[in-house]
Amino acid sequence: MADAREHVLAGTRGPLHVREWPHERPRYLALLVHGYGEHIGRYEEVAGVLREHGAAVLGPDHAGHGRSAGERVLVEDFEDLVTDVHAVAGLARAAHPGVPLVMVGHSMGGLVAARHAQRHRGALAALVLSGPVIGAWELPRRLLALDEIPDTPISPAALSRDPAVGAAYAADPLVWHGPMKRPTVEAFARTLRTVREGGDVGPLPVLWLHGDDDRLVPLAGSRVGVERLGGRLTERIYSGARHEVFHETNRDEVFADLLRFLDGVLP
2 MADAREHVLA
12 GTRGPLHVRE
22 WPHERPRYLA
32 LLVHGYGEHI
42 GRYEEVAGVL
52 REHGAAVLGP
62 DHAGHGRSAG
72 ERVLVEDFED
82 LVTDVHAVAG
92 LARAAHPGVP
102 LVMVGHSMGG
112 LVAARHAQRH
122 RGALAALVLS
132 GPVIGAWELP
142 RRLLALDEIP
152 DTPISPAALS
162 RDPAVGAAYA
172 ADPLVWHGPM
182 KRPTVEAFAR
192 TLRTVREGGD
202 VGPLPVLWLH
212 GDDDRLVPLA
222 GSRVGVERLG
232 GRLTERIYSG
242 ARHEVFHETN
252 RDEVFADLLR
262 FLDGVLP
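Be aware that the sequence shown starts at 2, since it is given in the working numbering, and climbs by one per residue.
To be clear, the hints were calculated from the coordinates, so they are not data collected in a lab.
There may be inaccurate statements among the hints.
Stated by the list, open to error - Ranges of calculated distance between the beta carbons of each label pair, as one might list FRET restraints:
#1 G203 / A11: 27 to 37 Å
#2 A221 / A171: 38 to 48 Å
#3 P174 / G123: 38 to 48 Å
#4 D152 / L175: 11 to 21 Å
#5 P23 / H178: 47 to 57 Å
#6 A11 / D253: 19 to 29 Å
#7 P184 / P16: 18 to 28 Å
#8 P154 / G49: 26 to 36 Å
#9 P174 / I238: 32 to 42 Å
#10 H178 / P98: 32 to 42 Å
Stated by the list, open to error - Distance condition first, Cα-Cα at most 16 Å in a straight line; then the derived EDC-like pairs of lysine to aspartate or glutamate:
#11 K182 / E228
#12 K182 / D201
#13 K182 / E77
#14 K182 / E149
#15 K182 / E45
#16 K182 / D264
Computed from a predicted model, the values in this text were never measured in an experiment.
Glycine residues also receive a C-beta, built at the ideal position from the N, C-alpha and C atoms.
Between the sequences and the hints, there should be enough to build the whole structure, so can you do that?
Below is the structure:
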C-alpha cells in the first residue's frame, strides 16, 4: 500500500519496526499481531480492508522477525512481545486519543493478543483471534521430548488452498524458513500455561476465526483455550480452510464476517 508509514520504536529486545496504514479521522484503531516466522508486510490486504472500513491500522514486526532487531525467531519470553505490542498501542493512542482499539492476532499473534487482553484488561474494544495458538496446542510438548528439534520448516501448502499464497511465502526473504529454536518452543509451552491460568477477559467482545482443515494449529486444541479465555464470544469456522483464513480462497467471506462483527461491537 503506497502510503503506508514506517516507525521504529524502542522494543524490549532492540529497535522494533512498525508499519502504519494511516487514516486521517479513524473510527477505530486496529493493531495487527502477526504469527511465528513471518512479518507484518504479509498483512497488506487485511490492513487495506480495515482501513477502507474506517480504521487506522498498525502492526509491528515482532522481535527476531521481519525488520525488527533480535536473533531470528528467538523468543525467550512472550511477555516481551506483549510489552512491545502494548507500546505500539500507545503509539496509536497518542496519535488518536479516545479512539477505540481493536487487536487482531493470528496464530502465535493470537497467543500474544490473548495475553495482552489478560494483562491490560479494559484496554481493548474488541479482540479478534485467527487460528490462534492457544489452549491445547500439542506441538511444543512433542518437540521438547526430542533430543534435537528437526529442521522441518512450515509447509507453504498448509497455509491456504490458494497456491499463490504458499508460493509467495516460500519466496519471501523476510520469512523464516529454518527450524524452531528450543528456547522459543519452551517459551510457547510456558505462555500457553500462563494464558490458561491467566483468567478470562470479562465482557470483552471476542471473534474467533478458524479453518477446520488447519493442520498447523488444529481447531480442537484452540477451542479449549478460546472458551477458557471467555469474553463475549463469536466464532466463525470455515469448512475446508487451512491456517491463514485472511489469505484463504474464501477470504471475502472472512473479511465480511470480520467487518460485521466490528460493526456490531464498536460504538
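Hint check results:
Between G203 and A11 the C-beta distance comes to about 31 Å, which sits within the given range of 27 to 37 Å. The supplied range of 38 to 48 Å is broken by A221 and A171, whose beta-carbon atoms lie about 28 Å from each other. Taking the beta carbon of each, P174 and G123 are about 40 Å apart, inside 38 to 48 Å as hinted. For the pair D152 and L175, the beta carbons lie near 19 Å from each other, so the given range of 11 to 21 Å is met.
Between P23 and H178 the C-beta distance comes to about 32 Å, which lies outside the given range of 47 to 57 Å. With their beta carbons about 39 Å apart, A11 and D253 fall outside the hinted range of 19 to 29 Å. The supplied range of 18 to 28 Å is met by P184 and P16, whose beta-carbon atoms lie about 21 Å from each other. Evaluation of the 26 to 36 Å hint for P154 and G49 yields a pass: the beta carbon distance comes to about 28 Å.
As the Cβ distance of P174 to I238 is approximately 33 Å, the hint placing it in 32 to 42 Å holds. The hint said 32 to 42 Å for the Cβ distance between H178 and P98, and at roughly 41 Å that hint holds. Restraint check for K182 and E228: the C-alpha separation of about 29 Å exceeds 16 Å, so the hint is violated. As the CA atoms of K182 and D201 are separated by approximately 30 Å, the hinted pair breaks the 16 Å bound.
For the hint linking K182 to E77, the alpha-carbon distance of about 10 Å falls within 16 Å, and the restraint holds. With a C-alpha separation of about 10 Å, the suggested pair K182 and E149 falls inside the 16 Å cut-off, and the hint holds. For the proposed pair K182 and E45, the alpha carbon gap of about 28 Å is over 16 Å, so the pair is violated. For the hint pairing K182 with D264, the CA-to-CA distance comes to about 40 Å; that exceeds 16 Å, so the pair is violated.
Violated hints for the displayed structure, listed by number in ascending order: 2, 5, 6, 11, 12, 15, 16.
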